[in-house]
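**Student:** Start from the sequences and build out the full structure, keeping to the hints where you can.
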Amino acid sequence: AQRVTQPEKLLSVFKGAPVELKCNYSYSGSPELFWYVQYSRQRLQLLLRHISRESIKGFTADLNKGETSFHLKKPFAQEEDSAMYYCALSRGVNTGTASKLTFGTGTRLQVTL
Amino acid sequence: DAGVTQSPTHLIKTRGQQVTLRCSPKSGHDTVSWYQQALGQGPQFIFQYYEEEERQRGNFPDRFSGHQFPNYSSELNVNALLLGDSALYLCASSFHRRGEQYFGPGTRLTVT
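In order, the protein sequences belong to chains G and L.
All letters in the first sequence, in the order written, are residues 6 to 118 by the numbering used here.
All letters in the second sequence, in the order written, are residues 559 to 670 by the numbering used here.
Rather than coming from a laboratory, the hints here were simulated on the basis of the structure.
Source: prediction; values computed, not measured.
It cannot be assumed that every hint is accurate.
To be verified - Have a look at the derived ranges for each label pair, beta carbon to beta carbon:
id, chain 1, residue 1, chain 2, residue 2, range
1, G, Thr117, L, Glu609, 45 to 55 Å
2, G, Ala6, L, Gly642, 20 to 30 Å
3, L, Ser565, G, Gln50, 16 to 26 Å
4, G, Ser57, L, Asn617, 23 to 33 Å
5, G, Glu72, L, Asp620, 32 to 42 Å
6, G, Leu118, L, Gln599, 23 to 33 Å
7, G, Thr110, L, Arg621, 18 to 28 Å
8, L, Pro566, G, Lys14, 27 to 37 Å
9, G, Glu13, L, Glu611, 38 to 48 Å
10, L, Glu611, G, Pro80, 40 to 50 Å
11, L, Gly561, G, Glu59, 15 to 25 Å
12, L, Ile570, G, Ser45, 20 to 30 Å
13, G, Glu25, L, Leu597, 18 to 28 Å
Cβ atoms here follow ideal geometry from the backbone N, Cα and C, with glycine treated the same way.
**Tutor:** Structure, rendered in C-alpha cells:
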C-alpha cells in the first residue's frame, strides 16, 4: 500500500527564516513524488515534482530513497509562501497511464513578520 | 485556456438523494481523475477515466460512479447520499503518460 505522512499540521516561521516541510512515504517500488500548494482561495497547484529537479519560487525538494523522504525546503521564507502544502506520491510515470495520487494530510505554513 | 473547470461550485443535497458533478479537462488533456477532500484531510482518490473507461479506482463504494465523454469531459455521480459524503470534490486532468495532474477549483457538496 502507498502512504504519505506529513507529521506537522502547522509550521510557523518568521520571515527570512529557513523552512523545511517534512514528507515521508511508503511504497514498494520507484514512486514519483510531488509537492502541491494551495494558496488562500486558490486551487491546488503543482509546485515541484522530483524528476524535474527544479527550484520553484526558491523551494527545492530532494528524494531520499534510503530515508523514504521528500522534504520541501526554502532557505528564506517570504510572507507570500503562507499556504497549505501537500506532499503526494504516484507510481512511476513510465508505467503507463497517469497514476492516482496519494496525498498526505497537508501542512499549513504560516510566515510571520 | 481556462484550465480545469468544474460545475457547480456549491451544492446542497439531502440524505438519500443523488448528485452529478461535472468536469472539463485542461486543453490537450485526455485523462480525468476525481478526488474527495474532507475537511482537514488531503484529497483521496476516487477513480480515473481514460478513453471513456474507468482505469483505476480507489477505496470508494459503488454508490460513486462516473463517466467520460468523447470530448474528455467527465461526470461524477453519487447515489444514496450520506452525511459523510459532504466534502470538496476535486477533478484533475492530465495527459495520460505524463503523470502531472492539474486540478480544478472543486465542487463543495453539503449533505443535510
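**Student:** All hints are to be evaluated individually against the structure, with a verdict given for each.
**Tutor:** Structure-based check of each hint:
Roughly 49 Å separates the CB atoms of threonine 117 (chain G) and glutamate 609 (chain L), a value that falls within the hinted 45 to 55 Å. Between alanine 6 (chain G) and glycine 642 (chain L) the beta carbon distance is about 22 Å. The supplied range of 20 to 30 Å therefore holds. Take serine 565 (chain L) and glutamine 50 (chain G): their Cβ atoms lie about 20 Å apart, and the range 16 to 26 Å holds. As the Cβ distance of serine 57 (chain G) to asparagine 617 (chain L) is approximately 30 Å, the hint placing it in 23 to 33 Å holds.
Between glutamate 72 (chain G) and aspartate 620 (chain L), the C-beta spacing of about 39 Å keeps the proposed range 32 to 42 Å intact. Between leucine 118 (chain G) and glutamine 599 (chain L) the beta carbons are some 30 Å apart, a value that agrees with the proposed interval 23 to 33 Å. One distance hint, 18 to 28 Å for the beta-carbon pair threonine 110 (chain G) and arginine 621 (chain L), holds here, with the actual separation near 24 Å. Between proline 566 (chain L) and lysine 14 (chain G), the C-beta spacing of about 30 Å keeps the proposed range 27 to 37 Å intact.
The supplied range of 38 to 48 Å is met by glutamate 13 (chain G) and glutamate 611 (chain L), whose beta-carbon atoms lie about 39 Å from each other. Remark: the range hint 40 to 50 Å for glutamate 611 (chain L) to proline 80 (chain G) is upheld by a beta-carbon distance near 46 Å. The hinted range of 15 to 25 Å is satisfied by glycine 561 (chain L) and glutamate 59 (chain G), whose Cβ atoms lie roughly 20 Å apart. At roughly 24 Å, the beta carbons of isoleucine 570 (chain L) and serine 45 (chain G) sit within the given window of 20 to 30 Å.
At about 26 Å, the beta-carbon gap between glutamate 25 (chain G) and leucine 597 (chain L) stays in the expected band of 18 to 28 Å.
Taken one by one, the earlier hints all hold for this structure without exception.
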